[in-house]
Amino acid sequence: MSEFAFWMVAALTIISAGLVVFSGQLIYSAVALLFTLLGVAGLYVFLWADFMAGVQVMVYIGGILVLIVFGIMLTHKIVSVKISQTNVQRRIGGFAAGLFLVILISAMGSASWFMEVTPEPVETVRTIGILLMTKYLLPFEAASLLLLGALIGAAMLSRKEN
Amino acid sequence: MYRDFGTILLAALLGIVMVFVPLLVQKLIAPSKKSREKLDTYECGEEVEGSAWLQFNIRFYIIALIFLIFDVEVVFLFPWAVVFKELGLLAFVEMGIFLVILIVGLAYVWVKTDLDWVKLKVAYGSGRYRKIKLEEKV
Amino acid sequence: MKQYFLNIWETIISLSTGFGITWVHMLNIKKGNVTLQYPEEKWPRPERNIGFNHDDYNVIRSRLTVDMDDCIGCLKCMRACPVDCISIETVKAETRGEDIKDIGHVGITSSGSKKAMVVTRFDIDMTECCYCNLCTYPCPEDCIFMTGGPNADRHPIDYEFSEYDRTDLIYRFAKKGSKEKMEAQMFPKKEKAEA
Amino acid sequence: MGIIHGEEMVLNIGPQHPSTHGVLRLKVRTDGEVVSDIYPVIGYLHRCFEKHCENVTYEQVIPYTDRCDYVASMNNNLGYAITVEELMGIEVPEKVEYIRIIMAEFNRIASHLLALGTYGLDVGAFTPFLYMFRDRERILDMFELICGARLLYNYIWVGGVSHDLPKGFVETAYGFLDYFEPQVKEYNNLLTYNKIFIERTADVGVMPPDVAISYGVTGPNLRGSGVKWDIRKDEPYSIYNKFDFEVPVGKGELGTVGDCWDRYWVRMREIEESVKILRQALKALPKGGDVHQAIPKKIRPPKGSIYKRTESPRGDLAYYITSDGTPKPYRLKMRSPAFTSISVLNEISRGWMLSDVIAILGSLDIVLGEIDR
Amino acid sequence: MDQLTNYLFISAILFSLGLFGVMTRRNGIAVLMGVELILNAANINFVAFSRFGGMDLSGHIFSLFVIVLAAAEAAVALAIIITIYNSMQTVNIDDASSMKQ
Amino acid sequence: MTDDRDKLISEVVEKALQGDMDAINNIEDRVIRSKAKAALHKAKKAAKAVESSASDANEDKTETSPKAEQTIHQKMAILIEEKESGSVISQEGEEEACIYIKPESWESLAPILRNDDAMDFDSLQCITGMDMGEGILESRYNFHSMKLRHAIEIRIAVPMEKPDIYSIEQIWRIGDWFEREVYDMYGIIFTGHRNLKRMLLPDDWEGWPLRKDYETPQSYHGIAVPKVKEEWE
Amino acid sequence: MTVDALYHWLNETFPFLSGNEILIVLAILIPSVALFMVIAVNALVLVYAERKVSAFMQDRVGPMGQGVGLHAGKWGLLQTVADALKLISKEDIIPRLADRKLFIMAPFVIFVGAFIAVIALPFGETIIIADMNIGIFYILAVSSFGVIGLILAGWSSNNKWSLYGGMRSAAQIISYEIPAGLSLITVIMLTETLSMQGIIQYQSGGLFSWIVFSSPFSFIAFIVYFIAAIAETNRTPFDIPEAESELVGGFHTEYSGMRWSFFFLSEYANMLVVCGVAVTGFLGGWQSPIPGYFNTAGWSIFWFISKILFLVFVMMWVRWTFPRLRVDQLMDICWKYLLPIALFNIFGVGIWTLIFG
Amino acid sequence: MGVLEHKFQDNIVVEKLDKLLGWARSTSPWYFQFGLACCAIEMMATAASRHDLERIGMMPRSSPRQADIMIVAGTVTMKMALRVKKLYEQMADPKYVIAMGSCATSGGPYWQHGYHVLKGVDLVVPVDVYVPGCPPRPEALIEGLLKLQEKIQKGRPLTKIDS
Ligand code: SF4
Ligand code: SF4
Ligand code: SF4
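Chains as they are written, first to last, in the working numbering: chain A, 1 to 162; chain B, 1 to 138; chain C, 1 to 195; chain D, 1 to 373; chain E, 1 to 101; chain F, 1 to 233; chain G, 1 to 357; chain H, 1 to 163.
The hints are simulated quantities; they were obtained by calculation from the structure and are not laboratory data.
Errors might be hidden in some of the hints.
[As the list claims (entries may be wrong)] Derived DSS-like pairs: lysine-lysine, alpha-carbon spacing no greater than 27 Å straight-line:
1) D:Lys185 x D:Lys276
2) D:Lys251 x D:Lys167
3) B:Lys33 x H:Lys19
4) D:Lys242 x F:Lys147
5) H:Lys154 x H:Lys19
6) C:Lys101 x C:Lys181
7) C:Lys114 x C:Lys175
8) F:Lys162 x F:Lys75
9) C:Lys2 x B:Lys112
10) H:Lys19 x H:Lys151
11) D:Lys251 x F:Lys83
12) B:Lys27 x H:Lys85
13) D:Lys242 x C:Lys30
14) C:Lys76 x D:Lys276
15) H:Lys16 x B:Lys27
16) B:Lys34 x G:Lys101
17) B:Lys34 x H:Lys85
18) B:Lys27 x A:Lys135
19) H:Lys151 x B:Lys27
20) G:Lys74 x H:Lys16
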């Protein structure tokens, strides 16, 4: 059952990711991105990362996606939303991406992965919290600085008058 | 863990079905007389001038932007809150620094009036502001 | 800064006042309820009294009614009407003040005046009437009136007369058949005159 | 945040819109939420009032004046009656004068209640609206007691009134006033001094007095801007000079002089002043006297024109009547206060937000029947 | 589903799709979406390695930081895009770079 | 009876024309009094028509009511004449208190009315259009001063063929709407108005409805306008 | 857990299927369907209650089921049932110029978002469908899901009112998520767990161990959360997205019939969720106020639901008493009042806990 | 046409279903918040506390998409007529119209010289119930609504119409 669910989620992720890239209208891309992000959250669950799944939904869907949709609405009239993207670089892009994919997969296949068998964790949040407060304290504080920088930078940028 | 999230998946599917079924019933029993006028966009009875799909004002965007930063902050607070009692003062101070840095950000956008919807100019008067004028279009 | 906390304080105070008011109203709904539950309760209200005496109405502006037995066909109401929604046609009665049985014409009004005219048509278009009451004042016989009020003994209050069809709202007060009858009476005369 | 302009959008508010108070259409040019231009389109209720007046006799005009400002019919009737009386030189008996004043003031209260209630509705408060309607209903009950109609009365005639006061009216009126005065306090607590309401209205839509005068704005709207101009006081007609009352003006207690809250507050205060006048008038009301005594049999004013102003709940209501000596007016023009009030909308609400435009429109208290006639 | 390679496979596909998007799209926002895909692919790998590498959750923390980074990047990138749009009326990155000169 | 009355009326009118208004005012019967007043008015009009052809309007005015103390209109007429001589056509007496202004001088006069210290009419109360018959359209302005608390009426008559009046829209802002309304109803064209469009009626309406010769159209946008009630006969 | 118990029961009743995965699906689906029913009934009851409450506050009687022929029962009890039936038999309109796909999708997104949040609400010690470790965080995360739906609904209608409504509500909901999240942090600081059941366990021991009464700061946190909750459900005084007197119908202006009623349904489901979270986090969840009494499974459902209903009533009370705010004031309240208060509250609770244990 | 509308022969089940639909539609008639003139004030008064339209299940909706009943309350002018028609068109079926007051019924007091007044709203939209009065008393309006309810209940939405 869960095997089946896993493949469903994986398929959802990949198909909608394809839509994100290939859809003609930007707003449809954004909607497809919603499902991709959901799918990734689902994959996190399969990886026992429930907290990460929550974060994924909260930040990506509730935050970044909303921001992207706003961005689309701010910069687009319907006319330009409907116009599909240019195909000039499609061939080169497709080639590069395909090449990359092949390389990645062959690398994946050639390596032999060591897999530890671990029991399902009880509460990931607690561990994450402790790790954040101890081992990763510095990146944690740095993150706040990063956020501060992003906030000030973005606010300044969008305040700049033409 | 799988079971709980499987429940959610199933519930989501169920939710879709539950929306779908009444719509189907409606399709069956509701009348449907389409006409050109009926399918027109509603605008208080007037002819619509222009599409609603146009570039909207940026104000909402700024809100979303500030929101995003604080959203991430909340995300960080959750794991901290869980271990807060365990780690005691240390965690408190650490998070204090984190928060203070972000509060600086908040104060910054507040002072720079990024949180205000429109910047209103006081032209003259005795009240809090007398004649309110929008900033000039640049 | 002071303003900031003042704002919070004012908000708390004024909102709690508002809460109090609606709360009291909700608790006192039994007493404070003002709804007139129309199809079940009608005007002069059965039980609940809001403190007004509804017995002393002068008049109620509602449907116009005509007492055809009293109408002498003087056309005064028709002229007074600002919107011309009354339409009257009369035929000179052969004999003044006498009943004409077969069309139900009554010769003498209740106030004693003798009728010289037979009203063959008395239509009021209630779809057009603006309920201004102007037509009722000049009537010498008080026979056109609005229902209710002092006229309550003549006709009950009647303000609910909506219809599915517009033509049903044109009230024809003239006695049935009087038009044809009187025309029939007139035509022989005319023919005679021509002959 | 600098003003970053989005694309401008033309938005039609109305003719069918919950808060245009009828069939007004506002063509609003907005940039996001901020309104940059407003173009009121009126005439959706143009009922050819003036054409009708030229075609009916002087008595028959009265029902039509009712229908202009349909929330203050008595005041409209009164203005018309006084104008024609002055044209013809009719003296009306004292009792009639008193009855007229009582009716006009009651109707002023009713009209203001409606205005304030719908204003509450415009800013989203539903309950005060219903409370005010509940009390307005009692005034309508009283009118019904007097003339049988609830909204359009055709009560004040040239030279008199259509019915005498029914027995028990004075007590009923006192009863109403006693009931009503505490209610005003409740409205104030529930709406006027509510913080949210103040935030929504104070400092919003400021109308400086010079703008108001240039746009011909009168009535509570002008007084809200701090100009003391009330025809009842400054050019007394009927017997208003006998009463002791105040003319409330906007003082900018919670914001700026001439903001929406001031206009609202002036109306609230006027209700109280009307109650004062009513108490005096009811006390001094002559007992006997025929109300039909001075009604002319045929109204046939001499040739000439007259322009006469009265104070309706919305401001200076004036009739311009030209008579050519026939029983029908040659020309009758109504100078409606709401017409001028709405014309100022663009001036005072440019630069505000969409919600504010609704609030400002509500605070002007317009009646479309009077604007379009 | 308990195979690491599955996740790596999915992540690889996501990554290439994102790369494809970034390379072919000329609309700034679409490029941003491609970047989000790439970051997500990376995140999957982090979490997957964490899961199959002893569940010590460092991977989670990394991906948490990646998400923070993504948020900050999205905020700034969109701010830039909007600014460019406002000054040049285009979101086309090629146009924007050519107009700079 | 009627003869008597007519005689009485003509008598008092004569007296009044000589300046004795009391004669009329002393009449008991209201009907007769009003009739007399009407007759007086007529007589005055006739007199004026004769005299204005002699183009000596100002003197005529002072002749008709010499003894009354100056009304506001008279005062204003003199003031206006001072500022802008030749602009006042006539200034009538009791019945019609107003000042007739030449259409040509309206442009220069309006700002004076608004700004002059002695006049200071800051509030335009009303503009009334009027179809006087015989091809004359009139525009009547009622002014009021919030500061000095006085009011006057000014009239401008134009022929129907060329109904052009200078627009005061930019002097009194409310003039904008009032003028549009008058234009809408009578077709008086206010030159210099920035947005002279129909106001109450739809833009594609035809005709000027308040002119006396107006005919109601048969249909509007396919909506029939019944002239006779159906189901009525 | 409900699902476990059901699974066992199913295993015993259908021994031939025992161990089959169908059974676990069934064990999940049955309570989910029941929960859907709860949502539907909740909407019906709450709409009726809202109409009655508002009527009583306004000196009138509300739905009385008067009318000719068959009518809506005594006191109009069947009123909302009739409404629902009528809505189902109304025509479904999709405007010509609308973006069809997104227009159809929006109600699904919004409703599913609300529905999967309800799933995590604990109605009793064992009566919970999805008991996750990250329960409260999950609900917070999922509630941001609806925002996308609202934007889609507003945008796809190609109607200016809808666009305004969608934009406003999106800005509003995302903004108020921050104070809501921050005030929930204070709860988690005390309880040290994200699981709904864990939070409720912490508050066992009667009225005074409820978090709302545990310290002045947590009381403030409760108020902040509740205000944010009202805003997140788009109710007066924060109902600017669907403000009738401004935006006609807001984002659902173009929706008719059943499609529209899903917006309605999810609004009430959302009320259930936010009040459920408030009850869980601050008011002791399904715990009875008197420790040791009335805490059987039945009673726990009763407590939970009646606490929710109390909060919902307060929401109605607010709605029918106050005017509505303007959009910039709404943002001001969020960013300039609630957010700083919530932030300092975290410090307050932290210090309080450090000092008093 | 809906899929099942007017598709069934008359039988007992269909009759019951028709009854049910009729009941639902008549019991929850949501009206379109749409006032034109003086009558609109009386409509508001009807909806207010004293008469309380909610008693018979009526709720105001300001979007035509969600409304069932359009109460044409007031004078329809030529300028407005086209808008009224459009708004009526935009309502979702089944929809009903009540002409409230003399003006909506036939032009009322403005019939004669009203060059700009529509002589009865039935010239542009089909009217189900005419409520006379100028303005109709609230009771009269309620009575009109009850008449409309009767009419709705008599309708047979699913039964085949023999033509
Ligand atoms: S009430 Fe008025 S409108 Fe009606 S018939 Fe009488 S006079 Fe005419
Ligand atoms: S006024 Fe009276 S008597 Fe004369 S026609 Fe009319 S109803 Fe008849
Ligand atoms: S019927 Fe009467 S009350 Fe109604 S709109 Fe017409 S004139 Fe006004």
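Hint check results:
1. D:Lys185 x D:Lys276: Cα-Cα ~15 Å, so holds.
2. D:Lys251 x D:Lys167: Since the Cα atoms of Lys251 of chain D and Lys167 of chain D sit roughly 42 Å apart, the hinted pair is violated (cutoff 27 Å).
3. B:Lys33 x H:Lys19: holds (22 Å)
4. D:Lys242 x F:Lys147: Holds, at about 25 Å.
5. H:Lys154 x H:Lys19: holds (8 Å)
6. C:Lys101 x C:Lys181: holds (11 Å)
7. C:Lys114 x C:Lys175: Distance ~18 Å between Lys114 of chain C and Lys175 of chain C Cα, so the pair holds.
8. F:Lys162 x F:Lys75: violated (31 Å)
9. C:Lys2 x B:Lys112: Holds: Lys2 of chain C and Lys112 of chain B sit about 20 Å apart, inside 27 Å.
10. H:Lys19 x H:Lys151: Status holds; Cα separation ~12 Å.
11. D:Lys251 x F:Lys83: Violated: Lys251 of chain D and Lys83 of chain F sit about 39 Å apart, past 27 Å.
12. B:Lys27 x H:Lys85: This hinted pair holds, its Cα atoms lying about 26 Å apart.
13. D:Lys242 x C:Lys30: violated (43 Å)
14. C:Lys76 x D:Lys276: Answer violated: Lys76 of chain C to Lys276 of chain D is near 43 Å, above 27 Å.
15. H:Lys16 x B:Lys27: This hinted pair holds, its Cα atoms lying about 20 Å apart.
16. B:Lys34 x G:Lys101: Holds - the C-alpha atoms of Lys101 of chain G and Lys34 of chain B are around 19 Å apart, at most 27 Å.
17. B:Lys34 x H:Lys85: holds (15 Å)
18. B:Lys27 x A:Lys135: violated (59 Å)
19. H:Lys151 x B:Lys27: holds (24 Å)
20. G:Lys74 x H:Lys16: holds (21 Å)
In summary, the structure is inconsistent with hints 2, 8, 11, 13, 14, 18 from the numbered list given earlier, while agreeing with the others.
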